[in-house]
Amino acid sequence: MRKFWLVLSHEYMRHVGRKRFILVLLSVPLFMLFIFAIGFLTAFLMSDNDPIGYVDPAAVLQGVSFQPEKSGPFADPEILHFPDEATGLEALRQEEIQSLFILAPDFLESGNAQMVSNHDINENATSDFQKFVRRQLAATLPDEVSERVIQGPVMTVRALEGSRTIQDTVSRIVGIVLPFITAMLFMYAVSTTGNYLLQALVEEKENRTMEIVVTSLSPTALMAGKIIGNMLVGLTQLVFWFGLGGILLTVGLVVLPFLTGLTLNFGAALVSLGLWLLAFILISALMATAGVATTESREAQQFSGIFSLLFVSPMWFMALLINRPNSVVATIFSLFPLTAPISLPIRMGVVDVPGWQIVLSYVLMAGAVVLSFYLAGRAFRLGMLRYGKKLTWGQILGLKRKQSQES
Amino acid sequence: MPTIEIANITKSFGKNRAVDGVSFDVHGGEIFGLLGPNGAGKTTTIRIILDIFKPDSGKVSVLDGPMTEEKKDRIGYLPEERGLYQDIKLENCLVYLATLKGMSTSDARREIDTYLERFDLAPHRKMKVKELSKGMQQKAQLIVTLVHRPQIIIIDEPFTALDPVNTQMVKELLEEERAKGTTIVMCTHQMHQVEEMCDRLVLINQGRAVLYGTLTDIRRRFARQDLEVRALDPLPETIPGVLEIRPKNGSHYLKLAPETSPQDVLKTLVRQDIAIEQFEIAVPTLDEIFIQVVQQKGEQPDA
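Quick mapping for you: the protein sequence lines, in order, are chains A and B.
Each residue of the first sequence is one higher than the last, beginning at 1 in our numbering.
Each residue of the second sequence is one higher than the last, beginning at 1 in our numbering.
The hints are simulated quantities; they were obtained by calculation from the structure and are not laboratory data.
Mixed in with the good hints, there may be bad ones.
[As the list claims (entries may be wrong)] The list that follows gives simulated cross-link-like pairs (lysine-lysine, PhoX-like), each with its CA atoms no further than 25 Å apart:
hint : chain 1 : residue 1 : chain 2 : residue 2
1    : A       : Lys19     : B       : Lys89
2    : B       : Lys71     : B       : Lys59
3    : A       : Lys131    : A       : Lys70
4    : B       : Lys89     : B       : Lys71
5    : B       : Lys267    : B       : Lys248
6    : B       : Lys134    : B       : Lys171
7    : B       : Lys255    : A       : Lys19
8    : B       : Lys128    : B       : Lys89
9    : B       : Lys180    : B       : Lys71
10   : B       : Lys267    : B       : Lys255
11   : A       : Lys19     : B       : Lys130
12   : B       : Lys180    : A       : Lys19
Whole structure, please, built from the sequences with the hints as guidance.
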């Protein structure tokens, strides 16, 4: 048992202690930060805080102007009333305002208005002005009613079988995006871990240390130490990333008003977590097979690339998984062990996946794990001391008898 | 009780029978030579001893019984395919491999320090293994083999990549280990090293043990009716019972007729008053025996 721990800690420390690991660890939050910064910058560049003007021949809005309470790049723009169209257009020409809304004389009946702008139509200007109009029209109503009118309708989406309701848009979006991001992070960690394991085994063969190590401890202890040691490397990454994500989400729930009332599907999260852990073991065993079956890193990478490609393949069918989550293809994707870890959580984010499909997905995944361990063990026994000669699938699967080995 | 007992082991890979009924014993405190041409089955035999491979049939006993995980700590192994973790510091690599042999980290560090000094590797302890020369890596590998003070050392081509100075050092080290009572199985092609160091040997060819015994016995078995004579006076052109007289490095090689004994020749020379400096039965070298046995495809001359 001590030797198993020695291998485990050796494998863990040789990755975690390296600069490359720290870089990988920080790369994900930095990448997220970069994406966030790009989004922020884009919003900043697109935002236009110049005043908006309007002309109201029917005096529906009673000539009121709006002066925002806050200032800054993302504050609401000032809304100015112009007595007539000519004055408003002159202000537009002088670029004192970004756009001018001319309400139709029958605005209350038709809701028609004309927008004049020197630039492309600014969506923000339109929505800001619509909000202003709603607020003004509801000004005479009691405060609570006025607030409801301004907020618009609250939609509750309810599944036909009645087991699932989503009350707000944010929860609906988060319900799709969160499993997606989590699955991606998980698969990234699994793939990194798998590659570490692959590398560790190929190196062991390339360096010819395998023969010394297997005369010091049992192949089982060696493989278990390597697999679990490398899995812990991946788990370290996940704990760091999810911990950071959890902190950000907690802060977001407090600081960002639109996240208030956000509901998360913890049942789906648990189902996904279990599936990902099995997937973790599956890919580790497959990578271990690739590591001992091949003779050099490049060859092993090609071998393992097939598995990695299958694991991320549901990404190409994302639209199908979200828009037609109960289609045959989506169902097959969430049952097949190599595509289920991404497909099933995404489907569960948009629909209630039938229980039998979840159970079947788990059963197939567990079967794949057992099979992969059998293959890894077989490949290890056959391939551990084969220098410069790779194993074929036929040999691993026992279809072809192994030819002469060492002598 | 032999330290290692191999009884009639066989091992096949596919249709190829790599080891075919090999038997031998290795005694405690001896240096035992495991010889054979490339592809003879030596490495497979070693791997069977070390429990890396299971034999198809036959029995292996190491340290009085089958191999166990605990016994692995009492064996030092230097494989033919040398290997160390290339991308880590030499000291860390040695400590890791030593702890896998059951040593505590502190003991491993202390012992490794001693060996690093002895092998002139101390200044390189913080270097990555891949930055060391081939000879240095070979010495580091020897440290891994010896550091945990094994009872059995199995060492495959121990002198590869070593210069004469380091070769001598390794020989002295192995002699020291023998003096301490360590059992050493040495696999090599360098016959002069075997002649110099080994107490007993087995020669494997095409998976079969074709020679087995002490060096003296084997050489005696292969000794022909030939003599090597160095005389101060010139030898006569013909000697009764001698088929051929051939000069050889300042002495003479005498090929005797089958019915002639060395004593007959000695008597003749003494009778003729020839001053003799050296008179000995021409024993073949191990190299000659090796080539002869291998070329005869395993048939022993006295078999």
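Now the hints, each set against the structure:
Using a Cα cut-off of 25 Å, the hinted pair Lys19 (chain A) and Lys89 (chain B) holds, with the two alpha carbons roughly 16 Å apart. Note on Lys71 (chain B) and Lys59 (chain B): the hinted pairing holds, with a Cα-Cα distance of about 17 Å set against a maximum of 25 Å. Restraint check for Lys131 (chain A) and Lys70 (chain A): satisfied, since their Cα atoms lie roughly 16 Å apart, inside the 25 Å limit. Between Lys89 (chain B) and Lys71 (chain B) the CA atoms are separated by roughly 28 Å; this puts the pair beyond 25 Å, and the hint is violated.
Taking the CA atoms of Lys267 (chain B) and Lys248 (chain B), the gap is near 22 Å; set against the 25 Å cutoff, the hint holds. A C-alpha spacing of about 18 Å is found between Lys134 (chain B) and Lys171 (chain B), which places the hinted pair at or below 25 Å, so the restraint holds. As the CA atoms of Lys255 (chain B) and Lys19 (chain A) are separated by approximately 74 Å, the hinted pair breaks the 25 Å bound. The straight-line distance between the Cα atoms of Lys128 (chain B) and Lys89 (chain B) is roughly 4 Å, inside the 25 Å bound, and the hint therefore holds.
Proximity of Lys180 (chain B) to Lys71 (chain B) is assessed by CA-CA distance (about 19 Å); at most 25 Å being required, the pair is judged to hold. Annotation: proposed proximity of Lys267 (chain B) to Lys255 (chain B) holds, straight-line Cα distance about 16 Å (limit 25 Å). Simply put, Lys19 (chain A) and Lys130 (chain B) have alpha-carbon atoms about 19 Å apart, close enough for the 25 Å limit, and the pair holds. Our distance criterion of 25 Å between C-alpha atoms is broken by Lys180 (chain B) and Lys19 (chain A), whose separation comes to about 46 Å.
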